[in-house]
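Listed here are the chains, written in short residue letters.
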Amino acid sequence: MNALDMVYHLSTGWAVHLNYVAVKLTVIFLSVWMITQFIGIGKEEGIVAGILGPLIFYVYYVFAGATLNREIFRIDEQFWFVFLHIALMILAYFAMWNFIKSKKHWLRTAGFVITAGLNLVALDALFVMLRWHLHGINEETSAAMMTLGTILVPVLSFISAAILGVLAEKFTNKKYLDMVTAAIFASAAIGFYYKDLTHAIFALIFVILTYLITHTVKKNLASAS
Amino acid sequence: MEKKGWLLLGILTGVIGSFYEFVPRKIIKSVSEFLIFDITVFGYRIRHNDLILFGAVLLTISFVCLYKIYKLNKRKKKIKN
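Protein chains in written order, with my numbering: chain A, 1 to 225; chain B, 226 to 306.
Bound conformation, chain A alone (with noise of 0.2 Å):
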């Protein structure tokens, strides 16, 4: 969801900071992990916490001071963006259920491909603005840093890298050769685009944690039924 919100804010003009990602991650996180540990996995599931999590959010927004100058940078706290994120919440969350769940092959891919490419584009975001942070750069002129250019590359690497792990393991049907795939494919085109290896080992560690991760809550489910 942070990823779909993140590609939406940078593509229109709205501004993008490492704060307000990180309490949208915790809010997010927590209302999802909640309800699927202790309700359950299921549609009403997935709508209860789709609307649960933005609520929450704009919660923070109409209570919590302002960190960033308001005639410089837009920031995504009125009403309706409350709708935007729920639509958003709810496509991701169905995303991950038909990958799981599905019996439709095509829409258990589509489901893996949005699931993957999102939490690798929200991961590396974060490594992105958390190096600014680390390196001193204040919030401000982190925000103005934060535009559609600077995910650009990421978004087309990491869903392009998904889609060859797909086809990857669709031809040759090895284990594993999806998340090679994807994994070097993502890490050359961002190293080769930024010139950048630091950038380049975190792309190809995310691809590896997200694989794992993905397929192993995957497996787990299916043997919990």
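Hint data in this document are derived by calculation from the structure and do not stem from the laboratory. Take the hints with a grain of salt, since some may be wrong.
Computed cross-link-like contacts, SDA-like style, restricted to lysine to any residue with a CA-CA straight-line distance of at most 20 Å [stated by the list, open to error]:
1. B:LYS296 to B:TRP231
2. A:LYS195 to A:PHE127
3. A:LYS170 to A:PHE127
4. A:LYS43 to B:ARG300
5. B:LYS296 to A:PHE63
6. B:LYS254 to A:PHE38
7. B:LYS251 to A:LYS219
8. B:LYS302 to B:ILE241
9. A:LYS219 to A:ALA66
10. A:LYS170 to A:ILE184
11. B:LYS296 to A:THR109
12. B:LYS301 to A:LYS104
13. B:LYS296 to A:PHE38
14. B:LYS254 to A:VAL113
15. B:LYS229 to A:LYS104
16. B:LYS251 to A:GLY42
17. B:LYS299 to A:GLY42
18. A:LYS43 to B:LEU297
19. A:LYS43 to B:ASN298
20. B:LYS228 to A:PHE38
21. A:LYS218 to A:PHE81
22. A:LYS174 to A:PHE127
23. B:LYS296 to A:PHE127
24. B:LYS254 to A:LYS174
25. B:LYS303 to A:LYS195
26. B:LYS299 to A:GLU45
27. B:LYS299 to A:GLY46
28. A:LYS43 to B:TYR295
29. B:LYS302 to A:ILE39
30. A:LYS219 to A:PHE63
31. B:LYS228 to A:MET34
32. B:LYS229 to A:MET34
33. A:LYS103 to A:ILE41
34. B:LYS301 to B:LYS251
35. A:LYS104 to A:LYS170
36. B:LYS296 to A:LEU30
37. B:LYS301 to A:GLY40
38. B:LYS251 to B:ILE236
Given the coordinates of chain A, assemble chain B onto it according to the supplied hints.
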């Protein structure tokens, strides 16, 4: 955890969460300054927005508890029928 436990947790987190989320900053500061304001944790100073986030987290837990109670009631009704 039983229904009573969820209810208790829901009420507790709801009340504390609402306190930090909705009560004006000045009142929170005067009531519980000694607990949370101007305290440095691992070199990080707790700010007002951190308290708001703390309130939001507690409210999330509270809503999940209420939803759990609703689901437990629904299941109970289903079993009865």
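To see whether the hints hold, each was checked on the structure:
1. B:LYS296 to B:TRP231: holds, 11 Å
2. A:LYS195 to A:PHE127: With a Cα-Cα distance of about 16 Å, the restraint between A:LYS195 and A:PHE127 holds, given a limit of 20 Å.
3. A:LYS170 to A:PHE127: Cα-Cα ~31 Å, so violated.
4. A:LYS43 to B:ARG300: Holds: A:LYS43 and B:ARG300 sit about 16 Å apart, inside 20 Å.
5. B:LYS296 to A:PHE63: violated, 30 Å
6. B:LYS254 to A:PHE38: Cα-Cα ~34 Å, so violated.
7. B:LYS251 to A:LYS219: Given that 20 Å is the threshold and the Cα spacing comes to 50 Å, the pair is violated.
8. B:LYS302 to B:ILE241: Given that 20 Å is the threshold and the Cα spacing comes to 31 Å, the pair is violated.
9. A:LYS219 to A:ALA66: Violated: A:LYS219 and A:ALA66 sit about 43 Å apart, past 20 Å.
10. A:LYS170 to A:ILE184: Holds: A:LYS170 and A:ILE184 sit about 17 Å apart, inside 20 Å.
11. B:LYS296 to A:THR109: violated, 32 Å
12. B:LYS301 to A:LYS104: violated, 34 Å
13. B:LYS296 to A:PHE38: Distance of about 11 Å is within 20 Å: holds.
14. B:LYS254 to A:VAL113: It is violated: about 48 Å lies between the C-alpha atoms, which goes past 20 Å.
15. B:LYS229 to A:LYS104: The given pair, whose Cα atoms are some 41 Å apart, is violated under the 20 Å limit.
16. B:LYS251 to A:GLY42: violated, 43 Å
17. B:LYS299 to A:GLY42: holds, 15 Å
18. A:LYS43 to B:LEU297: This hinted pair holds, its Cα atoms lying about 17 Å apart.
19. A:LYS43 to B:ASN298: Given pair A:LYS43, B:ASN298 holds - Cα atoms ~19 Å apart, limit 20 Å.
20. B:LYS228 to A:PHE38: holds, 12 Å
21. A:LYS218 to A:PHE81: violated, 31 Å
22. A:LYS174 to A:PHE127: violated, 31 Å
23. B:LYS296 to A:PHE127: Between B:LYS296 and A:PHE127 the Cα gap is close to 38 Å, so the pair fails against 20 Å, i.e. violated.
24. B:LYS254 to A:LYS174: Answer violated: B:LYS254 to A:LYS174 is near 60 Å, above 20 Å.
25. B:LYS303 to A:LYS195: Given that 20 Å is the threshold and the Cα spacing comes to 61 Å, the pair is violated.
26. B:LYS299 to A:GLU45: holds, 14 Å
27. B:LYS299 to A:GLY46: Within the cut-off at roughly 17 Å; holds.
28. A:LYS43 to B:TYR295: Distance ~16 Å between A:LYS43 and B:TYR295 Cα, so the pair holds.
29. B:LYS302 to A:ILE39: holds, 17 Å
30. A:LYS219 to A:PHE63: violated, 41 Å
31. B:LYS228 to A:MET34: Cα-Cα ~16 Å, so holds.
32. B:LYS229 to A:MET34: holds, 18 Å
33. A:LYS103 to A:ILE41: holds, 16 Å
34. B:LYS301 to B:LYS251: violated, 45 Å
35. A:LYS104 to A:LYS170: Given that 20 Å is the threshold and the Cα spacing comes to 15 Å, the pair holds.
36. B:LYS296 to A:LEU30: holds, 19 Å
37. B:LYS301 to A:GLY40: Between B:LYS301 and A:GLY40 the Cα gap is close to 16 Å, so the pair holds against 20 Å.
38. B:LYS251 to B:ILE236: Given that 20 Å is the threshold and the Cα spacing comes to 24 Å, the pair is violated.
Consistency with the previously given hints fails for numbers 3, 5, 6, 7, 8, 9, 11, 12, 14, 15, 16, 21, 22, 23, 24, 25, 30, 34 and 38, ordered from lowest to highest.
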